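Novice: Spelled out from the first residue to the last, the chains are:
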Amino acid sequence: MRSIRNLPILAVAFFISTASAQDYKLPILEHVYENGLRLLVIERPGESRVVSKIFTDMGALNETPGQFGAAHFLEHLMFKGTPTLGALDWEREKKLHERIRAAEDALINELNRSRNDLRQRGVFHDYQHEETTPEIDEQRALIDSLNQQVQELSEEGPQSIWYMAYGGTGLSATTEQEYMKFDIDLPVDRIELFLRIEADRMRNSVFRNFDAERMVLVEQRLGDLNGVATEFREAMNSLVGRASMVYVPEGYSNDFQQYTRRYERALFETYFVPNNTTLIFIGGVTLDEMIPKVEKYFGYMERAPEPARYEGREPLPSAEKRLIWRSDTLSPRVEVRYQIPGVGHPDRPLFDVLAEAFEVQLQSTMTDAGVEGTVDINTLVVHTSRFGAPASINIELVLEDGLQTDIAEELLLAELQRLGEEPLPAERISAAQKKLRTEWYRKAVDPYELAYQIGHFEVMDSWRTLKPYLEARDAATADDLQRLADKYFIDINRSVGVVLAVEAEQ
Amino acid sequence: MKKLLLLAAFVTTPCLSQDLTHPLEMGLPDSDYQRPDPVESQLALDNGLVAYVAKADQVPLVTMSAFIRAGKVSDEKQGAAESLQDALENSGPSGMSSSEFQLSLTQMAADFVVEMHDEWTEITLNVPAEDLDRALPIFAGLLRHPAISDANIERAAESVAPVARFDMDAAVERFSAIIYKDHPYGMRPTTDNFKNLQVKDVADFRAKYFVPGNMTIAVAGAINTQEIRGRLVDLFGDWDGADIPDVKQMPAVTRSEATLHHVPSHKLQSWMVIGLDLPPVPLEDQAALDVMNYILGAEHLKTRLMVETRYKYGYTNDASVFLEDHWYGPSGYTVRSYSRPEVIENIYENIMGELVRIRSEEVTEQELFIARGALADGEFPVRYLDGYALARSFALERLRYGNHDRSASYVQRVRAVSQDDVVNVARKYLRPDNMQVILFGEEAFELE
Numbered sequence: 001m002r003s004i005r006n007l008p009i010l011a012v013a014f015f016i017s018t019a020s021a022q023d024y025k026l027p028i029l030e031h032v033y034e035n036g037l038r039l040l041v042i043e044r045p046g047e048s049r050v051v052s053k054i055f056t057d058m059g060a061l062n063e064t065p066g067q068f069g070a071a072h073f074l075e076h077l078m079f080k081g082t083p084t085l086g087a088l089d090w091e092r093e094k095k096l097h098e099r100i101r102a103a104e105d106a107l108i109n110e111l112n113r114s115r116n117d118l119r120q121r122g123v124f125h126d127y128q129h130e131e132t133t134p135e136i137d138e139q140r141a142l143i144d145s146l147n148q149q150v151q152e153l154s155e156e157g158p159q160s161i162w163y164m165a166y167g168g169t170g171l172s173a174t175t176e177q178e179y180m181k182f183d184i185d186l187p188v189d190r191i192e193l194f195l196r197i198e199a200d201r202m203r204n205s206v207f208r209n210f211d212a213e214r215m216v217l218v219e220q221r222l223g224d225l226n227g228v229a230t231e232f233r234e235a236m237n238s239l240v241g242r243a244s245m246v247y248v249p250e251g252y253s254n255d256f257q258q259y260t261r262r263y264e265r266a267l268f269e270t271y272f273v274p275n276n277t278t279l280i281f282i283g284g285v286t287l288d289e290m291i292p293k294v295e296k297y298f299g300y301m302e303r304a305p306e307p308a309r310y311e312g313r314e315p316l317p318s319a320e321k322r323l324i325w326r327s328d329t330l331s332p333r334v335e336v337r338y339q340i341p342g343v344g345h346p347d348r349p350l351f352d353v354l355a356e357a358f359e360v361q362l363q364s365t366m367t368d369a370g371v372e373g374t375v376d377i378n379t380l381v382v383h384t385s386r387f388g389a390p391a392s393i394n395i396e397l398v399l400e401d402g403l404q405t406d407i408a409e410e411l412l413l414a415e416l417q418r419l420g421e422e423p424l425p426a427e428r429i430s431a432a433q434k435k436l437r438t439e440w441y442r443k444a445v446d447p448y449e450l451a452y453q454i455g456h457f458e459v460m461d462s463w464r465t466l467k468p469y470l471e472a473r474d475a476a477t478a479d480d481l482q483r484l485a486d487k488y489f490i491d492i493n494r495s496v497g498v499v500l501a502v503e504a505e506q
Numbered sequence: 001m002k003k004l005l006l007l008a009a010f011v012t013t014p015c016l017s018q019d020l021t022h023p024l025e026m027g028l029p030d031s032d033y034q035r036p037d038p039v040e041s042q043l044a045l046d047n048g049l050v051a052y053v054a055k056a057d058q059v060p061l062v063t064m065s066a067f068i069r070a071g072k073v074s075d076e077k078q079g080a081a082e083s084l085q086d087a088l089e090n091s092g093p094s095g096m097s098s099s100e101f102q103l104s105l106t107q108m109a110a111d112f113v114v115e116m117h118d119e120w121t122e123i124t125l126n127v128p129a130e131d132l133d134r135a136l137p138i139f140a141g142l143l144r145h146p147a148i149s150d151a152n153i154e155r156a157a158e159s160v161a162p163v164a165r166f167d168m169d170a171a172v173e174r175f176s177a178i179i180y181k182d183h184p185y186g187m188r189p190t191t192d193n194f195k196n197l198q199v200k201d202v203a204d205f206r207a208k209y210f211v212p213g214n215m216t217i218a219v220a221g222a223i224n225t226q227e228i229r230g231r232l233v234d235l236f237g238d239w240d241g242a243d244i245p246d247v248k249q250m251p252a253v254t255r256s257e258a259t260l261h262h263v264p265s266h267k268l269q270s271w272m273v274i275g276l277d278l279p280p281v282p283l284e285d286q287a288a289l290d291v292m293n294y295i296l297g298a299e300h301l302k303t304r305l306m307v308e309t310r311y312k313y314g315y316t317n318d319a320s321v322f323l324e325d326h327w328y329g330p331s332g333y334t335v336r337s338y339s340r341p342e343v344i345e346n347i348y349e350n351i352m353g354e355l356v357r358i359r360s361e362e363v364t365e366q367e368l369f370i371a372r373g374a375l376a377d378g379e380f381p382v383r384y385l386d387g388y389a390l391a392r393s394f395a396l397e398r399l400r401y402g403n404h405d406r407s408a409s410y411v412q413r414v415r416a417v418s419q420d421d422v423v424n425v426a427r428k429y430l431r432p433d434n435m436q437v438i439l440f441g442e443e444a445f446e447l448e
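Listed in order, the protein sequences are those of chains A and B.
Numbered as in the working numbering, the first sequence ends at 506 without a single skipped number.
Numbered as in the working numbering, the second sequence ends at 448 without a single skipped number.
Watch out, some of these pointers could steer you wrong.
Examples of chain B residues toward chain A, derived with CB under 7 Å [claimed, not checked]:
| id | residue |
| --- | --- |
| 1 | D19 |
| 2 | G27 |
| 3 | L28 |
| 4 | T316 |
Below, in silico cross-link-like pairs of lysine-lysine (DSSO-like), each with a Cα-Cα straight-line distance of 30 Å or less [what the hints assert, rightly or not]:
| id | chain 1 | residue 1 | chain 2 | residue 2 |
| --- | --- | --- | --- | --- |
| 5 | B | K312 | A | K95 |
| 6 | A | K487 | A | K25 |
| 7 | B | K312 | A | K94 |
Hints in this document: simulated from the structure, not taken from any laboratory.
It should be emphasised that the depicted structure is a prediction, and the values quoted were computed from it without experimental measurement.
Cβ coordinates follow ideal geometry from the N, Cα and C atoms, glycine included.
One chain only, chain B, in its complex shape (with noise of 0.2 Å):
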C-alpha cells in the first residue's frame, strides 16, 4: 500500500526537474505547411485586372494595395516617374482639390503610402472599416484618374537636390552609382529635366502604364469578401483594357575590378559597403542563393558574417547581406557593415575571407538543416501569415511573373537543396575579383 501511494505522488507530482532536451531530440513535428491556394482569394476582371481579396477581420481596418508594373526607370522623359510619384501623394483624384484630398485622409485617419521603386510602384491606402465607401472611391481614382499639376513637377525638382550626408544610406546610394554608372538603373532626374517636363509628358507615362493588365490589386480586412468582389467589379471593370507596356529588359551592367571608393569622413564611425552586381537569377538557382545568403549574412542574428565581425570580436553591431531585387535586369549584392574607425580594416578583411570560404567550402549539414528550415517553415509561411499578407504576396508574384508557380514550388526547391547546390551558386555569384568596396571613414586601406 505504502508502496503504490508512493508511486501515485511521483504520477501526480507536475515536474521535478527541468528538461533540458536538446531541440534536436524532443521530437518536434515536421512541418506540414502548405501555403494557401490563390484561386480562393483571386478576382479577374475581363479587362485584365487582377485582384485578390482575403478577410482579416481581427480589427476594424481595411487596407488596399495597387501593385503597378512601372517605376523610376519606366519614364521616357526622365522626371515623369518622379512627379507622377508626387501627384499620387499629394494631390489624390480628379476632381478633388490638393486639400480637399489631405482632408479626407485626416478625416479618416488613414495611412496612406506611395512608394515608387526602379520597375514597380506600390500604393497602399489602410482606412478603419467604417471608412470604406469613402476609401474604395478614392483609391479607385488615385488609379485611374490621378490630378497632376505644374506643383508636382516643382516639388519632385525639388527633391532630387543632393544633401551631403555620411551614414549607411550614403554609403549604399555611392554603390549605386558606381555599379549601374551609365545604365538605366543609375540614371536619376535632373534640375534640367524637371524644366523640360510638361505635365502632359507625367500624364502620358501614367496613361501608358496604369492600366488594368499592368497591376494587380490586394484588399484585405473587416470586410465582406463578396461585396468587396464586387465593388471592385463596379469601380474598374469598364475601365479599358489598353495595350500592356511592353517589360523593359535592361542590360548588363559593365563590371569593374575590385576597388576601394573611399570618402573621407571625420564621425564617430566608419561605414561600409562591399559588394557587386547580380545577372537576374534563373529559378533554378534561386532557392540555393536564398540558402547561401541565410547562411552567409541575411539579416538574422546567427550567420558566418556576424559570427566573424561581431559575436567573436565586438567590432560591429551588424554585418549583414542585401540582395537588391530587380525584376528585370542586374541586381546589387552587398555586405554593409559600420564601427569605430579603427577597426572598420579588420572587418572587412574578415568579411572577404567569408565571401571567400563560402566559395570554397561546403557549408556544413547543420547550416544546411538550419537555413532551409528558417526559410521553408519560417520565412515563407509569414508571407502569407494573414489576410492582407496573403492578398499582397500572391499580388505581386501575379504582376511579376504572371503565375503562382514560383511560389508553389518554394518550400520543395529549398528542401532539394545541397550542400554542392550551395557551394556552386556561391562560385557562380560572389565574385571576389569584381567586389567594390565603398568606405566612408577616416583613413583608406589596401584591398587583399
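Chain A on its own, in the form it takes in the complex (with noise of 0.2 Å):
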C-alpha cells in the first residue's frame, strides 16, 4: 500500500486570469497540487504583509438532524490544538483521550438505547432541561473527569499564541453554510508560519475540552436569541425552505447536548483533506514563492475520496406560506420572500441589482402612500449574503405604524406585479449598479475581505465565477429585471411573514 508519506505533488494547472474589465482588478494566480489542494494567490509586490486563509469546503450544509451546528462547532475544536501545539506530556495526554474515547463510546450505547425515551420525553428540552438516565449520567461524569486531567497537561490557545507572537493580526475563524475557514494577517517573511499551523490543524486537531466548549456554543446561541428578531427570521427561513437544515448553521440548543467527538471526528476526517481545501494568499508574496512553500508543508497529504458535496434541492414551489407573528418588543413589519437561483446561476448577480433599484422605488411608493417605515431588500440567510444553493430574496418593509400592515403588504404586492409589468427606470438601475460597484470597492480595497470574497465564491461555485459575476451586474438591463420579477415573483413562490403587536390581537 502506498504511504500517504510518499506522494508526491505536483502542478497539474495553472491559470491566470487577465483582467478583461478594467473596473475589476481580479489577478488571481492559481496552482492545483496532484492532491487536489488549490492555491490562490493575489500578488502585491513590496507589501509587507500577506492576508492568508484556508477555507474548506464544508460547513452546516454537512450536517444531519440532531447534529445541527456541529459544523460551527468542529471549528472551535479545531482551535484546541495538536500534539505538537498544546501539549505538555502527549504521550500522557495520549492515554487520557482512548478513555475518553471509550467512555463515550458507552454514552452513545446508553444514548441509543434510550433515544426514544429521551426524544419523547425530551422534545422541547434546553440546555437546562436534558433528559438523561443514571448510565448517562454515569459516563459523562467519567469524562467530565478525564477531561480534566487533559486540561492539566495541555494549554489553551496553542495556535493563536504562536500567530501573535509573531505579529499576527485578524485571527478568526468562520463556520457558514458552506464553508469553514481559518484566517491570519501576517508579515511576509513569516509567512511559513501559516502553513506549519495550519497544515497541522488540519491533519492532527486534538479535541480538548470538549464540553466546555460545548457551552460556549449555549452562550453563542443565547447571545442570537436576545436579538429581538432573531425568532422572527429562523421562522421565515424556515418557512421558505423546506432543505430546512440550510438555514439553520448555527444549531439549536437541544442538538449542543448531542455533539459526540466521534461525530465530529467523523466530519473532520471526511472534510479536512487537500482535495477539499482551498488557501488563499493576498500581499507581498509571489505565486512561485508560495508554491514550494506550501508544497513543504501539505505535499505530504494524499488525495482523499472526494467528500459527498451537499446535494439537497428545493422542491418546487406549490402554495404562497404565510406566518403571523405576534411580538411586544420587535417593530410591526411585512415581509415578503421568494426564492432564487445560487451563485452559479446566471440570474443570481441580477437579484442584486433589482434589489438595489427596487428598494429605493418601494421606498418612494411607501412615502407617496403614506406609509411610514423603511425598506430593506436583501439576500440575507442568517450571516450570510450570497449563498451556492439556492437562497431567497428578502423584502422588509418595518413600521412605524402598526395598523398599517394591511396596505403595506398591498402596497408591496401591486408594485412587485408591476415590475413585471413596466421596466425600471434606466436611471434608477444605473444608480443601483454604481450602488453595487463602490460596494464592492470598499469590500475589495480590504486584502481580508476580498481574499473572504475569493474563497466564498470557491466554496459556493468557483473563483472564476467572482468576476463575471461582477461584470454581469453592471451589464444588467431593464428587460433583464423584468424578466426576473415574470419569472420567479410568482404566487406560488412566495412566502409572507407578518409581525403584529400582540395587543393587536386582543
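Hey, can you piece these two chains together into the complex? The hints should help.
Specialist: This is the structure in C-alpha cells:
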C-alpha cells in the first residue's frame, strides 16, 4: 500500500485571470497540486504583510438532523491544538483521550438504547432540561473527570499564541452553510508559520475541552436569541426552505448536548482533506515563492476520496406560505421572500441589481402613500448574503404604525406586480449598479475582505465566477430585471411574514 | 550507480513527511519593521492646518477625513455639540439644501460618517474616484460653512430620550454614569438644555473649534498626491487661522469603594461590567500598560481572562478588557462579560482572581514574548498598513500630541517592557478596592 507520506505533489494546472474589465482588478493566480489542494495568490509586490486564509468546502449543509451546528462546533474544537502544539506531555495525554473515547462509546450506546425515551420526554428540552438516565450521567461524569486531567496536561490557545507572538493580526475563523475558514494576517517573511500551523490543524487537531466548549456554543446561541428579531427570522427561514438544514447554520441548543467526539471526528476526517481545501494569499508574496512553501507543509497529504457535496434541492414551490408573528418587542413589519437561485446561476447577480433599484422605488412609493417605515431588500440567510445553494430575496418593510400592515402588504404586492409589467427606469438601474460597484470596491480595498470574497465564491461555485458575477451586475438591463420579476415573483414562490403587536390580537 | 540514483530520487522528492517544527525553532526572522516617515505624506498650511495625503490605488475610491479637537464635552452650552453633529450629518454645507446634500451623497454612492466622541470629532467621506471633484468642495464646505438650523437642534433633542435596554451597551452606559457622576464626562444634555439652545449657540461652538489649527485632515485613495495637495491649498488655504482654543483639561473623578450595582433583568443572559477609572497615562507607562492589557484581556483569543472564563469552564463566549481613551482626563477601564445567569457569579470570581494575580505575580517570559511580538510586529504596523490607515494614524496623532514622537518610539518602548514593568503598572492602575461591578442580571451576589 502506498504510504501517504510518499506521495509527491506536482503542479497540474496554472491559470492567470487576465483582467479583461479594467474596473475589477482580480489578478488571481492559481496552482492546483496533484493531491487536489488549490492555491490562489494575488501578488502585491512590496507589501510588507500577507493576508492568509484556508477554506474548507464544508459547513452546516453537511450536517445531519440532530447534529445541527456540529460544523460550527468543529471549528471551535480546531482551536484546541495538536500533539505538537498545546501538549505538555502528549504520551500521557494521549492515553486519556483513548479512555475518553471508550467512555463516549459507552455513552453513545446508552443514548441509542434510550433514544425513544429521550426524544419523547425531551421534545422541547434545552440545555437546562436535558433528559438523562443513570448510565448517561455516569459516563458523562467519567468523561468530565478525564477532561480535567487533559486540561492539566495541555495549554489553551496553542495556535493563537504563536500567530500573535510573530505579529499575526485578524486571527479568526468562521463557519457558515458552505464553508469553514481560518485566517490570519502576517508579516511576509513569516508566512511559513501559517503553513506550519494550518497543515497541522488540518491533520492533527485534538479535541480538548470538548464539553466546556459545548457550553460556549450555548452562550453564542443565547446571544443570538437576545436579538429581538432572531426567532422571527429563523421562523421565516424555515417557512421559505423545505431543505431545512440550509437555514440552521448555528444549530439549536437541544442539539448541542448530542454532539459527540465520534461525529465531530468523522466530519473532520471526511472533509479536511487536500482535495477539499483552498489556500488564499494576498500581499507581498508571489505564486512562484508560495508553490514550494505550500508543498513543504501540505505536500505529504494524499488525495482523499472526494467528500460528498451537499445535494439538497428545494422542491418546486406549490403554494404561498404565510406566517403571523405576535410580538411586543419587534417592530411591526411585513416581509415577503421569494426563493432565488444560488451563485453560479446566471440570474443570481441580477438579483443584486434588482434589490438595490427596487428598494429605492418601493421606499418612494411607501412615502407617497403615507405609509411610514423603512424598506430593506436583502438576500440574507442568517449571516450570509450570498449563497451557492438556492437562497431567497427578502423584502422587509418595517413600519411605524402596526395598523398599516395590510396597506403595506397590498402596496408591496402591487409594486412587485408592476415590476413584471413595466421596466424600471434606466437611471434607477444605473444608480443601483454604481452603488453595487462602489460597495464592491470598499470590500476589495481590504485584502482581508477580498480574500474572503474569493474563498466564498470558490466554495459556492468557483473563484472564476467572481469576476463574471460582478460584470453581469454592470451589464444588467431593465429587460433582464423585468424577466426576473416575471419568473420568480410568482404567488406560489412567495412566503409572507407579518409581525403584529400582541395587543392587536386582543 | 544504483546508490546515486537513489540519492537523486531522495533529493527530488518534494516532501515525504509533515514538518512539525515548533514555531520557536522555525528560524522565523526578527522583525525589521520601520514605521513610515510622516513627513513624506504631510502638508502643513500657513494657517495651521496639517493634512496627510497618501496614494492607495488598489481600487478607484478616495477617502477624506477631518479630525477636530472638539467633542461632546467641549461645548459651553449643553446640546450644542450634539446639534452640530446632526447638522454635519444631515444638513450639509451652506449653499446647499439638506435634500440636495443627501441627493449628492446618494448619487456618489458615498459612505459618509460623522463620529463625535467626548473630546474630538471625526468626519469621513468615502466616494468613487470619479466623484472626487464633486466631493472635495462638499467636504470643505462641511468643515468651513455647515448649514445649521433649528431642525438640527430638534432632531438632536429627540435622540436624547432614554430607552430602556438590557444589553452590554446599557451596562457600559451605567458604568460610565457611575464613575463620571458629577464629572464633565458624565454630563449629557437634557431636553431642557435643547429647549434653551439657539442656532447661534451651535454656530458659535463650531466657529470656536472648527478652525484650521484645531484640526487635521487625511486624504488617501486613487489620487495624484501632488494634485490633491494643490486642491487642499485651494480649498483651505484662505481659511483664516483663528486662535486655537485652549485644551480643556478634565478633573479627576471622585473614587468610590468597590460596589455591586445590580439592575434586575430577566433575560436569557446576564451582562456584567467590572471596572474603574484610570488617570491619564503618562508616556513612560503606556507601553507597559499595553503589554499588561494584552496578557490580561485585550481583545484576542488567548488572554488570561478568556482562559479562566471561557476555555476552561465554558462560562461565557467572551471576557475582555476595554480601555476608554480620553485625551485630556480620566478614562474608564472595564472588563466586560456575559453569560447564562446561573454562572455569572463564577465569572466575576474568576475575573477578580486574574485582576489580583496580575498585580501580585510576575507574568511569564512566554507571555511577555507573545505580547511584545503581537504589539510591536502586529497591531502597531497594521496602523500604517495602507495609504488611508497611515494618513489617518498620523492625522490623529498630530492633532492629539502635536508631533509624531510617540509612534516613532513605540516599537522600541514595547520591546523594552520587562516583567517588573508589567507588575508595576498593574499595581498602579488596577485597584480592586475601587472596582465597580455593574450587573444586569437576575440575582445580585456578594462582592469578594
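Novice: Could you tell me which of the numbered hints above are not met by this structure, giving the numbers in increasing order?
Specialist: 2, 6
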